[in-house]
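Those protein sequences? They're chains D and C, same order as listed. Using our numbering, the letters of the first sequence correspond one by one to residues 1 to 315. Using our numbering, the letters of the second sequence correspond one by one to residues 1 to 315.
Hint data in this document are derived by calculation from the structure and do not stem from the laboratory. What you are looking at is a predicted structure, and each value in this text was computed from that prediction instead of being measured. Take these hints with a grain of salt, some might be off.
In silico DMTMM-like pairs for lysine to aspartate or glutamate, Cα to Cα no more than 20 Å straight-line [said to hold, decoys possible]: (1) D:K78 <-> D:E136; (2) C:K273 <-> D:D225; (3) D:K256 <-> C:D253.
For each label pair, taking beta carbons as the anchor points, the in silico distance ranges come out as [unchecked claim]: (4) C:K272 <-> D:Q261: 46 to 54 Å; (5) D:K310 <-> C:D76: 48 to 56 Å; (6) D:K312 <-> C:D76: 41 to 49 Å; (7) C:E114 <-> D:S141: 33 to 41 Å; (8) C:Q150 <-> D:G275: 48 to 56 Å.
A few chain C positions that, by computed beta-carbon distances, are all more than 12 Å from chain D [unchecked claim]: (9) Q36; (10) D50; (11) S158.
Even glycine gets a Cβ: it sits at the ideal position worked out from N, Cα and C.
Chain by chain, the residues run as shown.
There are 2 protein chains.
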Amino acid sequence: MKYVLVIHGGSGTILKENMSASREQDYLHTLENALQAGEKMLKCGQTAVDAVEAAIKTMEDSPLFNAGKGAVFTHDEKNEMDASIMDGRTLAAGSVSGVRRLKNPLSVARKVMENSAHVMLAGEGAEQFAKEQGCEFADASYFYNEERFQQLHEAKKSEKVMLDHSGENEMTDHNGGEMLGTVGAVALDTHGNTAAATSTGGMTNKKFGRIGDTPIIGSGTYANDDTCAVSCTGHGEYFMRNVVAYDMSALMDYKKYTLQQAADFIIQEKLKKQGGEGGLIALDREGNYVMNFNTAGMYRGVIREGHEGKVKIFK
Amino acid sequence: MKYVLVIHGGSGTILKENMSASREQDYLHTLENALQAGEKMLKCGQTAVDAVEAAIKTMEDSPLFNAGKGAVFTHDEKNEMDASIMDGRTLAAGSVSGVRRLKNPLSVARKVMENSAHVMLAGEGAEQFAKEQGCEFADASYFYNEERFQQLHEAKKSEKVMLDHSGENEMTDHNGGEMLGTVGAVALDTHGNTAAATSTGGMTNKKFGRIGDTPIIGSGTYANDDTCAVSCTGHGEYFMRNVVAYDMSALMDYKKYTLQQAADFIIQEKLKKQGGEGGLIALDREGNYVMNFNTAGMYRGVIREGHEGKVKIFK
Numbered sequence: 001m002k003y004v005l006v007i008h009g010g011s012g013t014i015l016k017e018n019m020s021a022s023r024e025q026d027y028l029h030t031l032e033n034a035l036q037a038g039e040k041m042l043k044c045g046q047t048a049v050d051a052v053e054a055a056i057k058t059m060e061d062s063p064l065f066n067a068g069k070g071a072v073f074t075h076d077e078k079n080e081m082d083a084s085i086m087d088g089r090t091l092a093a094g095s096v097s098g099v100r101r102l103k104n105p106l107s108v109a110r111k112v113m114e115n116s117a118h119v120m121l122a123g124e125g126a127e128q129f130a131k132e133q134g135c136e137f138a139d140a141s142y143f144y145n146e147e148r149f150q151q152l153h154e155a156k157k158s159e160k161v162m163l164d165h166s167g168e169n170e171m172t173d174h175n176g177g178e179m180l181g182t183v184g185a186v187a188l189d190t191h192g193n194t195a196a197a198t199s200t201g202g203m204t205n206k207k208f209g210r211i212g213d214t215p216i217i218g219s220g221t222y223a224n225d226d227t228c229a230v231s232c233t234g235h236g237e238y239f240m241r242n243v244v245a246y247d248m249s250a251l252m253d254y255k256k257y258t259l260q261q262a263a264d265f266i267i268q269e270k271l272k273k274q275g276g277e278g279g280l281i282a283l284d285r286e287g288n289y290v291m292n293f294n295t296a297g298m299y300r301g302v303i304r305e306g307h308e309g310k311v312k313i314f315k
Numbered sequence: 001m002k003y004v005l006v007i008h009g010g011s012g013t014i015l016k017e018n019m020s021a022s023r024e025q026d027y028l029h030t031l032e033n034a035l036q037a038g039e040k041m042l043k044c045g046q047t048a049v050d051a052v053e054a055a056i057k058t059m060e061d062s063p064l065f066n067a068g069k070g071a072v073f074t075h076d077e078k079n080e081m082d083a084s085i086m087d088g089r090t091l092a093a094g095s096v097s098g099v100r101r102l103k104n105p106l107s108v109a110r111k112v113m114e115n116s117a118h119v120m121l122a123g124e125g126a127e128q129f130a131k132e133q134g135c136e137f138a139d140a141s142y143f144y145n146e147e148r149f150q151q152l153h154e155a156k157k158s159e160k161v162m163l164d165h166s167g168e169n170e171m172t173d174h175n176g177g178e179m180l181g182t183v184g185a186v187a188l189d190t191h192g193n194t195a196a197a198t199s200t201g202g203m204t205n206k207k208f209g210r211i212g213d214t215p216i217i218g219s220g221t222y223a224n225d226d227t228c229a230v231s232c233t234g235h236g237e238y239f240m241r242n243v244v245a246y247d248m249s250a251l252m253d254y255k256k257y258t259l260q261q262a263a264d265f266i267i268q269e270k271l272k273k274q275g276g277e278g279g280l281i282a283l284d285r286e287g288n289y290v291m292n293f294n295t296a297g298m299y300r301g302v303i304r305e306g307h308e309g310k311v312k313i314f315k
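The following block holds chain D by itself, in its conformation from the complex:
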């Protein structure tokens, strides 16, 4: 089987006219690094799970994306992160939500999948589990980022919540607000197995321990070798109410839609009608893939065996 790896770094009102050339290059460069980190795994026969973890770790370790190091600040000036992963071969899944001190939340979600009897662990309990598993912790100074902190203060000043990628520092209210800098990856490995994973820092200025679609199996992440592997990004509440990631699988399984038909129907029709902004990446066992979004842009990239990697930001 020929491997495929697709990644995203969030969708939103990302406009070329609002982005400096050097910043654009930084994003493209980090996306390329993420593709290479994942491809390295796939090339030497490692699993789709290994590949999505490696790709996401690269983006979590970058301050550019709203996940891991680059996580935005909550109303209380904390960073609260969510992540989930699913193995399309076994339907095993793992997820963490509301974690504050984990360097790589997605790697902990993988430990939940592989070393616990559970699917989802939350908050301090999840951190206690991570500690017992020997996962890497990071303190507030690691997550501190002057730009993110300014974003919070701008958001507080205007009592709005802020769209992370709405231009550069552009403020938007947007139906109660949504953060669009989630990262995700889906992979098909040389054994013919798939995996999907998603990681996020949530929403600038968020209150009340809000959880979005990212740690929800079926909404933000889903993988099943028989249908598809999916990672979503966008206005999370819409993705939760529409159970988007599993809906991709159900449309292919029960209605015999192709990957492309399923993604077009959900992102361009169903969500658009409701005003749900966002996008998804997905692939199937045949190596077909989609990067579908109804916003101005989505940080994204794909690499396939025998092809050069491609990274893009705008439509």
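Take the given structure of chain D and dock chain C to it, following the hints.
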């Protein structure tokens, strides 16, 4: 339209030979009270959302079920509760997870649905929201229950987790363990609209802030007037990986299964093959309903306009 209300109080290894006659009567009586509380709403033209909330509040206020007052103890001798609700008319949804001091978690989930921009709020943040909404709080003494506390100590002694309804005080290990005393309700109101809701106290002796399927829209709860309203109970991890509640809707929408066919396929085939124990209640706009489980018993009841209410426990 003729109204219908279906409720459950959890499924599991509930055997007649393990239950005293007086305890059986207590359960049946509380189920009847829950049906009456919901029917009262439906009779005077209130919504399906009102009916499922009223029915669940009755069960949350009883010490018999593992939700609200009867919530089991975590490893740390705390009560951590989850709940979710969905309005089939609008697809609006609300959920809380890991809350410790809320008297009626399901009523707070409804506030999240109606008075916030979000779908899911967690932990202390959810409690802060509940406070601002004027919801009722309860302290540890309200949730204290000698029998539950003994269950925790028995579970700790054997380093096992305990199935709440596995006979009376029977201990089971069971793949890392699962608590099966969740409560739920689905309703069709006289306006032809549906709603679904589920509430739980989680798992005896649980650690690490584990979250099950109950607060997950698409897994534990889902409602859509065009297909069905569903509330699940059982070994949560299986219900999460299989996105059970939304799968009911997808099978009806995309594969044109009847409510009965969809429930039989998921509970008796798909989950059974995987070893996933549990059940669900569901209804559609035509007034069809199912109470389907692959365990020895499920606390359950149904009441329809023009019919006597029926409550049952065993197969």
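**Item:** Contradicted hints - numbers only
**Value:** 4
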